[in-house]
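These are the residues of each chain, in order.
4 protein chains.
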Amino acid sequence: MERKKPRGILERLNAGEVVVGDGGYVMQLERRGYVKAGHWTPEAAVEHPEAVRQLHREFLRAGANVIQTFTFYCSEDKLEISGNVPNITGAQINEAACDLAREVANEGEALVAGCVSKTPCYVDTHNETEVKAIFKKQMDDFLKKEIDFFIAEFFEHVEEAAWAVEVLKTGGKPVGATLCISPEGDMHGVPPGECAVRLVRAGADIVGINCHLDPLTCVRTVKLMKAGLEKAGLKAHLMIQPLGFHTPECNHSGYLTLPEFPFALETRAMTRWDVHQYAREAYNAGIRYIGGCCGFEAYHIRAIAEELAAERGFLPPASEKHGLWGAALEMHTKPWVRARSRREYWEKLLPASGRPKCPSMATPADE
Amino acid sequence: MERKKPRGILERLNAGEVVVGDGGYVMQLERRGYVKAGHWTPEAAVEHPEAVRQLHREFLRAGANVIQTFTFYCSEDKLEISGNVPNITGAQINEAACDLAREVANEGEALVAGCVSKTPCYVDTHNETEVKAIFKKQMDDFLKKEIDFFIAEFFEHVEEAAWAVEVLKTGGKPVGATLCISPEGDMHGVPPGECAVRLVRAGADIVGINCHLDPLTCVRTVKLMKAGLEKAGLKAHLMIQPLGFHTPECNHSGYLTLPEFPFALETRAMTRWDVHQYAREAYNAGIRYIGGCCGFEAYHIRAIAEELAAERGFLPPASEKHGLWGAALEMHTKPWVRARSRREYWEKLLPASGRPKCPSMATPADE
Amino acid sequence: MERKKPRGILERLNAGEVVVGDGGYVMQLERRGYVKAGHWTPEAAVEHPEAVRQLHREFLRAGANVIQTFTFYCSEDKLEISGNVPNITGAQINEAACDLAREVANEGEALVAGCVSKTPCYVDTHNETEVKAIFKKQMDDFLKKEIDFFIAEFFEHVEEAAWAVEVLKTGGKPVGATLCISPEGDMHGVPPGECAVRLVRAGADIVGINCHLDPLTCVRTVKLMKAGLEKAGLKAHLMIQPLGFHTPECNHSGYLTLPEFPFALETRAMTRWDVHQYAREAYNAGIRYIGGCCGFEAYHIRAIAEELAAERGFLPPASEKHGLWGAALEMHTKPWVRARSRREYWEKLLPASGRPKCPSMATPADE
Amino acid sequence: MERKKPRGILERLNAGEVVVGDGGYVMQLERRGYVKAGHWTPEAAVEHPEAVRQLHREFLRAGANVIQTFTFYCSEDKLEISGNVPNITGAQINEAACDLAREVANEGEALVAGCVSKTPCYVDTHNETEVKAIFKKQMDDFLKKEIDFFIAEFFEHVEEAAWAVEVLKTGGKPVGATLCISPEGDMHGVPPGECAVRLVRAGADIVGINCHLDPLTCVRTVKLMKAGLEKAGLKAHLMIQPLGFHTPECNHSGYLTLPEFPFALETRAMTRWDVHQYAREAYNAGIRYIGGCCGFEAYHIRAIAEELAAERGFLPPASEKHGLWGAALEMHTKPWVRARSRREYWEKLLPASGRPKCPSMATPADE
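Residue numbers (the numbering used here), protein chains in the order written: chain A, 351 to 717; chain B, 351 to 717; chain C, 351 to 717; chain D, 351 to 717.
Hints are supplied without guarantee of correctness; some may be wrong.
Identical copies go unnamed one by one, so any copy, or any two together, can satisfy a pair.
[To be verified] Below, simulated DSS-like cross-link-like pairs (lysine-lysine); rule was C-alpha separation at most 27 Å, straight line:
1) K707 <-> K684
2) K494 <-> K581
3) K585 <-> K487
4) K698 <-> K487
5) K698 <-> K684
6) K707 <-> K573
7) K487 <-> K576
8) K494 <-> K482
9) K486 <-> K573
10) K684 <-> K482
11) K684 <-> K576
12) K519 <-> K576
Rather than coming from a laboratory, the hints here were simulated on the basis of the structure. The structure displayed is predicted, hence computed values, not measured ones.
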């Protein structure tokens, strides 16, 4: 990997570069045994730093230009409600997570993003002062450490996201903001275009979508955000970090409504070839910060970097262990496997589930 | 985790204990960016020891009682043919892999198994002397390190497996041997029952099946092995390390014949609940060494340990981050997710693929 | 079957009665060997009257209150273009079809509807005079015979349908008009609500949807028509004669775009239980003329009559050979078949296709 | 249709001709409103002769060389048990059915086969004398009319079928005998090869399989029968009349065990193109009497005749309304439909079900 002195996130985006984001932490660490589903809190940053560090490294190696701190749901109110982390404070987790992200980011040319997410307090109180105090506390933890910018992510209500942006903006660093909403808009019915306008007016430098729905749906939503900004005469960079799962039947509330959530989503996982298509469509839509959320593993992030290798001019380190479009199968001993060492094969393949008694679509809980 | 002084593999099996095996290395490390598909060689043990160490740890934490050395395809003839590892010798990989396995095994109560697998030499030459020399060389690498027993695995021909067993037996440690065959028998048509007899007569203490086919198919094959042994008046322990993928349409050659192999197998991945069923059926069949191969991640291994917790008397460390049968969903904010916090829900669920344009079964390449 | 002197279609609908329509002719007679797919012309009325008569009888026996003349595509311009019927004139077919419909209608209490459908002339010329002359000629054929009312059906453009209505209205009998459009509107983009308004203003007494899309989609479109009429302060009866096939992925152009059209639609055929649901939803939407189009066989029409038996006060003749909701299975020799003699079983059943290598959804040709 | 003086069934088969059988009566007449599912008795021959006559005609027109009398389950013991036909005797039905079959057969060059099927008496009593008396009575009804040969069909036990053959043989006409068994053998475990031998030794001139399982499975079973005959040094003609449904998951008891039986089998219906494949495979297996059973409609029978047109030298009458392999779509107005006017398109098509919430395979009741 060629080392470059890291330039800032806005410097890169302003220069028209593609920034590859990292993938999903909580679901992957749940499978590895370090996060408890249902709680989804990030105490592993303190309890098992080696596991978090290794996952950061995989994303870095796969091409990620940003390492997000593993601080999802790490506000004091959420940690208390979940009751899952009795002996560790939010501040301890936030600080440990910053150290881990920084350590790994420095192994490459990556930036560290300090991340905040939606709070139980917002839904309970709608009290701007209280909610903002929570974001302020988490931001202060981050500012004790060396981070490069902030991301406010996983917000169902643009109002709360805008509050987060207003707080983070006081930290003196660039701010990205992503909502986990569908093309229909946020939970209060605010359409994506208007959501984008509100976030930019609150101070966000980068806006977009993360989690809850599959990549192609999220691209559609970001396009609506972009159109809203253009109509309002505003400018901002666009980012996207969608699910790594197919969710064609999902409505407004996303994959939480699927019967398979969260313990039987395997069948819905995207292949690396699905990600190629996603990366191309996101790029064509003008999005330049392209990553993933739940379900995105290292090989999915590598697929983003490989799909956009021509535009970016280089491949990620992990591509040394990957023949593009299956090229490494050329030397397989079985002729029928060798026949799969080409792009057309994988692009056209419709993968079978091996589950003839399962349906292909489910009834979401909110239908 | 309660520490016990590790007892030997035969000591445990003779006492009627359930030994939980580890999961699959090469496919998981391929996804993490450290193994090249098509080659599948284990140079990561030297190049990226932190990645191999972390995967060992995940399996240990999930309940594995055995850590297999990451030495798949690590015979000199295979390394040379694959051409993927120009600057590292097989001996270097074997020794590094032993060190990694030992380091992690010592963090728990686990044993280290030194593993050999099928050689290109066998298919090319059928020369017993040459093939045995290859196994001898790899065994000698292992014997420089502290390992607990040997496993000869992933053999399509019982003849080659028996040669491996004969060599490993000279190492003075217990030997397990698994074939990657279907209920129809090995590639020369030797039925499973006769395969088992040959392996035991060659000196194997534990015999069974690994890789190539899904868990329930592999259980069927081990049952045939068991019946063959009983008919011959022989005794041996039984082991199983099947795929973590659904392969109902596969014939003799297993998942290599599937159109999805190796880059679009996501849809076929087993859920943790599929593994519960598998662990129970394996146990009921009298198999006491129960693990996984390609497709088995840490959470699948944990599912084996959780399904057999009553028989074994304890849960694995990683269960501290897992509510049994979804129990941790009880406190979810969405009522429809809370409704999933019970065994019946997950046992009955038929997961949808979210891919309405994909079939449920494929045409294997050998059909 | 109790004979009643037939009352007129408007008399019935004005009294709030449910009028059961008949099913599809051309596709069923294609399967029986009397209609040529691709041409879909109705020369069988002359060539094989016994086949048309028998199909009329099946629908009558299944509960149909209306027998449509088998005169689909029977305009002179269409017959000429299709080139399928060299020695028979349109007038001969129209007259023979009227006789057949009348003969069978008189065996019950049914009415005869003389039917016209879209013309090639409209698309070629958009010439109102020419197109109207074609409808006038076909109407004159009908008026030589004793028919009860007219139906203008299978129109993709509301403009052409309105012209047909204007002509038929001069015949001095009630006129029904159905479009084969989606909820998005007609081929010129006129939304369903406005289509309904135009048809009623042209003189239609009954308006609705037929063919091209599955029942639940067609119910949605009729609801939009109803809403349009209400908004315009207009009144009309509503009718529906949808496909008997599942077409969830179809867009504007309907089932013609499906890869399975017209020779592999079997898998998409509705069960009788699907029709129960449809009949209930159509009824709940305020539709009172409820029948079917392509894919609706006699047992589907019977299912409409059986679902609405309570509202109508009687069962159709063919119900003497049908246990409601499978009741006749009670005396089956196999216990597992007896267990199917109840409503809940059939309502909940998700029928398998027995085709594990086929997808569940297709890519329509216009996507 | 070219008229030839009908030659006998054995004369035709001995000359190496392909004899096309007719399709299924009871299921088709159930859908048309004349047969009651669960009872499946043939009183329609008396009650609604026009409906039976028309279905005979469709099969004749589609190419059938044999018209089977509509006398399924028409033994006195079965009629009494079913309780469905209080005022009509078995003799009345048998005689009416012979008249209908003869009337239609004479419209073409077809033969009439008088058909008997399994009796409740056999299962209840296993009394050879009583069972044979039942067959004798039905045969005597047939012999009052002009029929050409007998078929004993739908037998689950070869013993009962052999008794039927022994009785029918005394009628002085050729006898065909078909079992509704799987490749595993009859309900007493007698394998297909031995079944064939017993039937031929009992006097059958033609032996084979009908109903219960899909065409390709039935071809496999007939092959086993053929092999059994060859091994025993016996000769007989082979016949086959399988289901027109896909039943890949069925075991011994056939489609009765499917959850979809009998009211939701639509999704499993074969396309005409499936039948082409079946007809070819049956022909290649040496079977020369090729027809269908439940699920076979006229267009399926036509597909047999069209697939074997080159071997037979002529097309059936109904082919005048059918472009071979979709040829008549060449003049369709939509370009994407025109693109379907060729064999390759239909041969390769994997039809979608339009039912994304349904599985592709079911769990049979006997699994």
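Each hint tested on the structure:
For the homomeric pair K707 and K684, the shortest alpha-carbon distance between copies (24 Å) is at most 27 Å, but the shortest distance inside one copy (30 Å) is not. For the identical chains of this complex, K494 and K581 are neighbours neither inside a copy (39 Å) nor across copies (63 Å), given an alpha-carbon limit of 27 Å. When the C-alpha separation of K585 and K487 is checked against a cutoff of 27 Å, the pair qualifies neither within a copy, at 29 Å, nor between copies, at 64 Å. Neither within a single protomer nor between protomers do K698 and K487 lie at most 27 Å apart by alpha-carbon distance, with minima of 50 Å and 44 Å respectively.
Taking the closest pair of Cα atoms, K698 and K684 come within 27 Å of each other both inside a single copy (21 Å) and across two copies (26 Å). For the homomeric pair K707 and K573, the shortest alpha-carbon distance between copies (25 Å) is at most 27 Å, but the shortest distance inside one copy (37 Å) is not. In this assembly of identical chains, the alpha carbons of K487 and K576 never lie at most 27 Å apart, being 31 Å within a copy and 56 Å across copies at closest. For the identical chains of this complex, K494 and K482 are intra-copy neighbours only, at 19 Å inside a copy versus 61 Å across copies, given an alpha-carbon limit of 27 Å.
For the identical chains of this complex, K486 and K573 are neighbours neither inside a copy (31 Å) nor across copies (51 Å), given an alpha-carbon limit of 27 Å. In this assembly of identical chains, K684 and K482 lie within 27 Å of each other by CA distance solely across copies; the values are 24 Å between and 60 Å within a copy. For the identical chains of this complex, K684 and K576 are neighbours neither inside a copy (48 Å) nor across copies (31 Å), given an alpha-carbon limit of 27 Å. Taking the shortest alpha-carbon separations for K519 and K576, only the intra-copy value of 21 Å comes in at or below 27 Å, while the best inter-copy value is 52 Å.
When each numbered hint is compared with the structure, violations occur for hints 2, 3, 4, 7, 9, 11.
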